[in-house]
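Chemist: So the chains spell out like this:
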Amino acid sequence: MAEEIILLDYWASMFGMRTRIALEEKGVKYEYREEDLSNKSPLLLEMNPIHKKIPVLIHKGKPICESIIQVQYIDELWPDTNPILPSDPYQRAQARFWADYIDKKTYVPCKSLWSETGEKQEAAKMEFIEVLKTLDSELGDKSFFGGNEFGLVDIAFIGFYSWFRTYEEVANLLTIVEKFPKLISWAQRCLKRESVAKTLPDSDKVLKSISDHRKTVLGID
Amino acid sequence: MANEVILLDFWPSMFGMRTRIALREKGVEFEYREEDLRNKSPLLLQMNPIHKKIPVLIHNGKPVNESIIQVQYIDEVWSHKNPILPSDPYQRAQARFWADFIDKKLYDAQRKVWATKGEEQEAGKKDFIEILKTLESELGDKPYFGGDDFGYVDIALIGFYTWFPAYEKFANFSIESEVPKLIAWVKKCLQRESVAKSLPDPEKVTEFVSELRKKFVPE
Chain A
1 MAEEIILLDY WASMFGMRTR IALEEKGVKY EYREEDLSNK SPLLLEMNPI
51 HKKIPVLIHK GKPICESIIQ VQYIDELWPD TNPILPSDPY QRAQARFWAD
101 YIDKKTYVPC KSLWSETGEK QEAAKMEFIE VLKTLDSELG DKSFFGGNEF
151 GLVDIAFIGF YSWFRTYEEV ANLLTIVEKF PKLISWAQRC LKRESVAKTL
201 PDSDKVLKSI SDHRKTVLGI D
Chain B
222 MANEVILLDF WPSMFGMRTR IALREKGVEF EYREEDLRNK SPLLLQMNPI
272 HKKIPVLIHN GKPVNESIIQ VQYIDEVWSH KNPILPSDPY QRAQARFWAD
322 FIDKKLYDAQ RKVWATKGEE QEAGKKDFIE ILKTLESELG DKPYFGGDDF
372 GYVDIALIGF YTWFPAYEKF ANFSIESEVP KLIAWVKKCL QRESVAKSLP
422 DPEKVTEFVS ELRKKFVPE
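For the protein sequence lines, the chains are A and B, in the order given.
Going by my numbering, the letters in the first sequence line up with residues 1 to 221, in that order.
Going by my numbering, the letters in the second sequence line up with residues 222 to 440, in that order.
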């Protein structure tokens, strides 16, 4: 029986990318629906009345909201294919901690990096560099955040990689590639996975979209 | 193997209360250590270097941080009794959603209620009531947020109750008149031993908040 999965999403959302990657990892067929965030669909507002945000995963007509919660849900439904969370409870707690760290620490500064100027943007830059330093240190010499296997924390962060060029250009964050070679190697390693390669948008496309938005909507530059 | 569980905590913390309740639900013996948040212990800083916050759960020498993550960990390690998360994946996702909602929305709103005054406080009070109403609506006619059994979302929320009299005092309103069904739910939860043993006296919390408020709202 077809699973009937619909994903309401926005192509450049690093949060939506998490859910797309998880679905691809499990080989699950789903219908992708692009949302216009300036004109949200009735379905989105009905399925996520609390936050009114993407991504929204709709499984057999029932919504699951929040990307990290969606990834865990997908992992629990299809546990035998490419497990995303480790099986050991302590390792699971560590994975959840780092996914939570990424969510807590990137959401506000990453938005400010492209939507602000001047002091606010500078402050956001400093915050984001701290996050990169911390993640770089946490990754260490491991192939992936969880060790040898691609998993939750990799999925939580890899989408941001498609925004690095945008941050570098728009926020003058020169240059992530030089400062954090381990993170860049890790990203390249992740991109070798089909689920990631299929999901991440072209970095230049993100840059163009944000640059246009800054000019036409925010009136910057 | 011996199970050594230490909890670094701070008595009025609604987050620490979650972990205390979860441990007691499972019948886990633990050592409670009170932290002075103005003078954090070396152990706390060592075990939670990223956030430097309580509660910190230390199990056989290894730290687990963030209260909601600790509750899930406790549920998975001591899975033999009083399950905290439901077994159905969709119900689990809903439980996680509401705990996340509480974390994202309730903490900041309640803070405005006791730590500000004037227009800012009025706006905070309005948000806070809205959020409680949303939670009350989600509870509906169920005994607990997850249905018939006490669980994850109940644990995530119940600690905030000990701060209710403080909110009422400083923002001059009655929470029970706004969300009576939620208060009925509170009373049901308080009948559970794990909750009764883990929550401090709301009067003591009000005294504590009163002192704390002076730092933010000099009178």
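Certain hints may be false.
Claimed, not checked - No farther apart than 27 Å at their CA atoms in a straight line, the calculated lysine-lysine pairs in the DSS-like style are these:
| id | chain 1 | residue 1 | chain 2 | residue 2 |
| --- | --- | --- | --- | --- |
| 1 | A | 142 | B | 261 |
| 2 | B | 325 | A | 125 |
| 3 | B | 261 | A | 62 |
| 4 | A | 120 | B | 363 |
| 5 | B | 363 | A | 60 |
| 6 | B | 261 | A | 105 |
| 7 | B | 326 | A | 125 |
| 8 | A | 111 | B | 261 |
| 9 | A | 52 | B | 326 |
Just so you know, these hints were derived from the structure itself, not from any lab.
Values in this document were obtained by computation on a predicted structure and should not be read as measured data.
Chemist: Indicate, hint by hint, whether the structure satisfies it.
Modeler: Here is what the structure says about each hint:
no.	hint	in the structure
1	A/142 with B/261	violated, 31 Å
2	B/325 with A/125	holds, 23 Å
3	B/261 with A/62	violated, 45 Å
4	A/120 with B/363	violated, 45 Å
5	B/363 with A/60	holds, 24 Å
6	B/261 with A/105	holds, 22 Å
7	B/326 with A/125	holds, 25 Å
8	A/111 with B/261	violated, 32 Å
9	A/52 with B/326	holds, 14 Å
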